[in-house]
Every structure is written in C-alpha cells, then in structure tokens.
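J.: Chain by chain, the residues run as shown.
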Amino acid sequence: MTDKPLEPDSGLTQPETREESEAASIAKESPDAAVASAPVSDVEGMKEVLLDDYTAWSRDHWFHDDIEMHPALIALRAAFPDAVVDAVRFRDETTIHVAPGQWRAICLFLKDHPRLRLNFLSDVTAVDMLRLRENPRFDVVAHLYSLPNRVRLRLKTGVNDGESVSSLVPIWNGANWMERECYDMFGIIFEGHPNLKRMLLPDDWDEGHPLRKDYPLRGWSEFPVMNTERTVGRVRTRWTGRGVS
Amino acid sequence: MTTNTTLPTPYEAGAVFSTDATSMGPLTIEEDAALQSGERVMTLNMGPQHPSTHGVLRVVLKLDGEVIIDCDPVIGYLHRGTEKLGEHHRYAQVIPWTDRTDYVAAPMNNLGCVLAFEKLCGVTAPERAQYWRVIMSELARLASHLVWLGTHALDIGALSMSLYCFRERELILDLFETFVGARLTTNMMEIGGFSRPIPENLPGMVRDFLKIFPERQQEYADLLSANPIWMARTKGVGVIPADVAINYSLTGACLRGSGVNYDIRKAMPYCVYDRLDFEVPLGQHGDTYDRYLVRMEEMRQTIKIIGQALDQCERMDTELMAWDSEYVIPPHKGTMTTAEDMQRHFIWVIKGFSPPVGEVYVAVEGPKGELGYYVVSDGSPLPYRFRIRAPDFVNLSSLPYMANGSMLADVVALIGTIDIVLGSVDR
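Chains as they are written, first to last, in my numbering: chain A, 1 to 245; chain B, 246 to 672.
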C-alpha cells in the first residue's frame, strides 16, 4: 500500500476514469438519476422515459386528490384486474390493498415498471387486525420506495392464521430478515423463504408469537413468584424488643 | 506409612482414550459426510460477548483455514419488545421507549417517533422548534458517528482513536445535559415541539463546540485517512456494488458508500432541511474505506448544518411548543398554582389522546440509515401497531454477503463498517 500516493482527506476518492466521473457528476446533479454506478447511457435513457409524456406521470399525480389518478393504482388495475382490493389515502400516504395470491408478482411488476420504478424495499412488517375485523386476520405490509421518483407506496395484503404468502426474497434480498422477523413476531408463513426461522426470539421459543394481539404482555408462562412462603420463621432482632423466634 | 495424597491420573486409573471420533458419541449426518469427504471446515462461534461485536451480536462462522465460507449472524440477545411495549402505552408514553433503541443517538429516535405521531395527529411544530430539532438530531448524528469511528478504529487496531472520539462525544453529551439534564436517554422531544425552554447559554455552547470540532476531526482524518495500516485493512474489504446495496435495502452510509444517492434529508425533506445548504457525500467503490470517507464527510456537513440552523433561528422569538388543545400537552405554567391548569394537565397525561384512525410511515435519516416509524391508529389512546424500522437491523443482513469469501480478521472490520448498535438491531 505504501507505493501508492497518499490520498488527501479532502472528500472522497477521486474517480479514476472519465466515465466514472461523468456518472458520478450526473448522479449528484440530476434529481432523476439516483444510481451513480449506472452507465451514462442508461441514465439518459431513464430521463427519456421520464420526460416522455411527462404530464401524465408528473409528481402531482402521485399526490392527486382523486386516488384513482395514482399512477401505481392505474398501472395495477390495468395489469392485474382482480388484484386490487382497496386503495386508501391518509395524510398524503397511499395504501393499496391487494389480493394475497399475486403478492410477489405485483411487487415484481411495481419494481420493474419503467415509470413507477418502485425499486427499493423499505420495510416489510405485519399488523394483527384481530380486534378490527373478522377476516383476514393479518395484514402483511410492504413499504416500497422509488429511488428515481422519490415517492413511497404502501402495499398490503391480508392473510389468515395458518395461510402463507409468497416471500419477496427472490426480488429483494433485504426482505430476508424482515420476513423472518415477521414470522417470528406474528407466525406468518412466507412461502419460498430460504431460511424461515426465528429472528429475535430464541430458536426453541415455544410460546407463540408475541406481537399477536391475543398474546399477553408478560407472556403465557407463569413466572415464579419468590418469597411468598417463609420456610424459616421471621427473625426479629433484639432491638425491636419482640424477642428472637 | 506413606499415604499417596494425589489422585491417580486417568491413565493410572485405567481409562481408555480413543482417537476414534466416534468415541464421543454418534456423529451427525453432516459430520459423517464431512469426515468421509475429507473436508476441513471449522465452525467458529464469535460472540455474543466478543468485544468487537459492539454489544451482544453472535456470529457463527464456517471457516476453511482462515477464509470464511459461511456466516450466520444470530441476534436477539438484547430484544426487549419495544414494539409490544409501544402497543401498551399511550402515545406520549411511547416516546421515552424510543430512546432505548439506538441509545447512542437518542434524540434522532425521538425525532422520528415524534414526527410520525405529529403526522398522524395533524400537528405541526413551530418553526423554531423545528430548527432546534434539526440541531439536536444532528448533534446526535455526530455523537453516533464518533462512537462508530472510535469503536471501528479500535476493532481494526487504532486504539487511541476511541479515546479521542469519546473525548469529543463528551462535549456533545454536555450539550444534551445542559438542555434536558440527561446525557444518554434524553427523552428530548414531545409531540408539538419542546416543552422545555432553550437555556440561554446553550446556543453559545453549541457555537463553541462548532469551533472546536472541525480541527479535532481533521486530527482524526490525519491519523487515519492516509494511514497504510488503516488503508490495508479497509480498502477493498466488504465491497458492495450499487445494485446489490439496493437489493439488500441498505440505507445510510452503507448505501451511499456504494454511490447511490439516497439521503432522506434531500429526497423527502422533513423539518427544515429544505432550507439548509449541505451536500450528500457519495462513495465510488463501495468498500469499507469509502464508507469511512462518507461518514467523515457527513460529519463535516453536519457541522455545516448546525451552524446554518443556529444562524437562521437565532433571532426567532416564537414559542417552542405548538398549541393544540387535544394532541399537545398543556403548558406546565400554572399547573402548580391553579386547580384548573393542574386538572387539565393531569387528565391529558393520564388519559392520553385519541388520534384519528389511520396509519403513517415516517422515516428520518438516522446516523445509520433510514429510521422509519410505522404507526397504525385505531382511534384509541394506544397505538394499535408501533413498528420501528431499524436501519442497522436491515444493514446487518448484508453481513453474510460481505463476509463470505473474506478473511476471518476482516469480520471485525465489516461489523464495524455496518455501524450497528444492538439496542437498535434487537429493539
């Protein structure tokens, strides 16, 4: 390492080739291009896609008052006619409920769609809807984010206890631990997960799944209550004047 | 008469020692197959009490010589059920629990939680409170990065860095102590702003710190950036290409070190970050050295942000707490003197408030990445679901990708470069 010139700490390593520096400068300046390592031609092509018919895909439509104008909803309704169950808007956040059967196909579609490009999986979790509705019991929630478009989308699907939902690990490796935690906490089976076992709790934990609503705060098992029975009589000191038993 | 006081050795006692592996009991199928094929794979358990694991992380490694062929992180030793606890407390009572997740940057956790609750309730903090939120959370980012730098360098072998970094972290904790009286678990922010006034000497103290810190940080950079040992241990170690980083949902410096420009402060600005001038440093190669450079540059940008925020809020004279009769805690003024104020305050604290039915996901750019809070409300005073998207939990899932094929000694460098705090990983 000593034969190399020492690099100053004035910032970052200098790009070595011209192509790299161009890609880096585009990534820093252009809001559309988030991936610096992408070749220049790819970034340009992405810009063309975004500029093409830009009015129909502008940022306003993601936050339009009419939720039916949401681009992801339009695209999903066109590609999966029966899949969209419901769409909710709350505080500028859009939630799309979809049928569980096409969970992975829908996520792959949203990821690879040339304009939606919801290519970043922020979070996978679940909600136990035990006290809120009858059927299905759980909501599996995925928070998707689009690095080029800078928008979030929440996808939900409902599963019952004992049913399985297809895993997202073939699409995003980041779903691996999130789904494991989800299985650990709720007992939801993710079909196709490579290593579905307990994440935070011990492997031999046999007391169920703690984030379910019917799981008590202190667990199922009885805790040992210490010092309720005295095996030895109370020893009083002579200072109390009561004698020693 | 002589007595033999020493016990007979096992050999003298007639014990039979066998060199046969099966004498220790039947072999498992895997062990038998390994014996038959002549494979020489050793399973090494690292942790959970290993000092370089930053807490209680256990890593089960499979080694071929000194090369790692499989790596399985085992976490959960610090799991305290923060999400379950959050579902059993009222909204205002949940905020102190978030201090305990990422405990080296407690105000940042407060910020994300409070922003999520405010978005749920439709409350906006006053401008001055937002500036001070930015200042305090950026100080927390600085404290977290200092802990990262100290421990990361300590793992790799630069012992004195940890002493220097913790020296500067003390200054930041002193600032927190001046403000709220606590140093580690500060419980600083509340729904609607700050309920405590900003002490008069605090802006001056922060400015003094801003004068001191850049020189000190330059000293660290002089010690490390061109250090041949440091570069040998970090350059080319744990390389993550950009597409893989996105695929693993990495955030923070782990993602930006690979050259992906995703900083929530820029991408989806919260508080007043859209009024502040700062840059997002990006790496080129995605290795440990680039992530080090990115975090060092982030610390310089943080200094810049704090200075600007102090300048901009210097002459503001507004309140620090929003006024909202339902969702914001009533002012403390008068609670000790008038019965009405005391009752209103008491009832608000005991009964809590009921936000509208809905769900929000708010993410802030924590020191370790995207720190997200997903809150579901069913209209009751308790959150129906309280989910913390911990950045280092997700970042840690890329450890097997980085470790497989590397040397055993690099694992400590990789664990350090992910920048984990097990309180946040296990929640």
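The set of hints was computed from the structure by calculation and includes no laboratory data.
Just so you know, not all the hints are guaranteed correct.
Quick list of in silico lysine to aspartate or glutamate cross-link-like pairs, DMTMM-like style, CA-CA up to 25 Å [to be verified]: (1) 511(B) / 93(A); (2) 596(B) / 207(A); (3) 213(A) / 315(B); (4) 307(B) / 93(A); (5) 111(A) / 488(B); (6) 197(A) / 214(A); (7) 329(B) / 66(A); (8) 197(A) / 623(B); (9) 329(B) / 214(A); (10) 511(B) / 92(A); (11) 307(B) / 214(A); (12) 511(B) / 556(B); (13) 329(B) / 112(A); (14) 197(A) / 315(B); (15) 329(B) / 207(A); (16) 197(A) / 556(B); (17) 329(B) / 161(A); (18) 329(B) / 204(A).
J.: Decide, hint by hint, whether the structure agrees.
T.: Against the structure, the hints come out as follows:
1. Between residue 511(B) and residue 93(A) the CA atoms are separated by roughly 19 Å; this keeps the pair inside 25 Å, and the hint holds.
2. Our distance criterion of 25 Å between C-alpha atoms is broken by residue 596(B) and residue 207(A), whose separation comes to about 32 Å.
3. Between the alpha carbons of residue 213(A) and residue 315(B) the distance comes to roughly 37 Å, so the proposed pair goes past 25 Å and is violated.
4. Restraint check for residue 307(B) and residue 93(A): the C-alpha separation of about 44 Å exceeds 25 Å, so the hint is violated.
5. The hinted pair formed by residue 111(A) and residue 488(B) meets the criterion: a straight-line CA distance of about 13 Å does not exceed 25 Å.
6. Simply put, residue 197(A) and residue 214(A) have alpha-carbon atoms about 21 Å apart, close enough for the 25 Å limit, and the pair holds.
7. Restraint check for residue 329(B) and residue 66(A): the C-alpha separation of about 36 Å exceeds 25 Å, so the hint is violated.
8. For a cut-off of 25 Å, the pair hint linking residue 197(A) to residue 623(B) is broken: about 30 Å separates their Cα positions.
9. For the given pair, residue 329(B) sits about 12 Å from residue 214(A) by alpha-carbon distance, which is consistent with the 25 Å threshold.
10. Note on residue 511(B) and residue 92(A): the hinted pairing holds, with a Cα-Cα distance of about 18 Å set against a maximum of 25 Å.
11. Using a Cα cut-off of 25 Å, the hinted pair residue 307(B) and residue 214(A) is violated, with the two alpha carbons roughly 40 Å apart.
12. With a C-alpha separation of about 20 Å, the suggested pair residue 511(B) and residue 556(B) falls inside the 25 Å cut-off, and the hint holds.
13. This hinted pair does not check out: residue 329(B) and residue 112(A) have alpha carbons roughly 35 Å apart, beyond 25 Å.
14. At roughly 17 Å between alpha-carbon atoms, residue 197(A) and residue 315(B) fall within 25 Å of each other, so this suggested pair holds.
15. For the hint linking residue 329(B) to residue 207(A), the alpha-carbon distance of about 15 Å falls within 25 Å, and the restraint holds.
16. Proposed proximity of residue 197(A) and residue 556(B) is contradicted: the alpha carbons are some 51 Å apart, above 25 Å.
17. The suggested pairing of residue 329(B) with residue 161(A) holds, with an alpha-carbon distance near 19 Å, which does not exceed 25 Å.
18. Annotation: proposed proximity of residue 329(B) to residue 204(A) holds, straight-line Cα distance about 20 Å (limit 25 Å).
When the structure is compared with the earlier hints, violations turn up for hints 2, 3, 4, 7, 8, 11, 13 and 16 and for no others.
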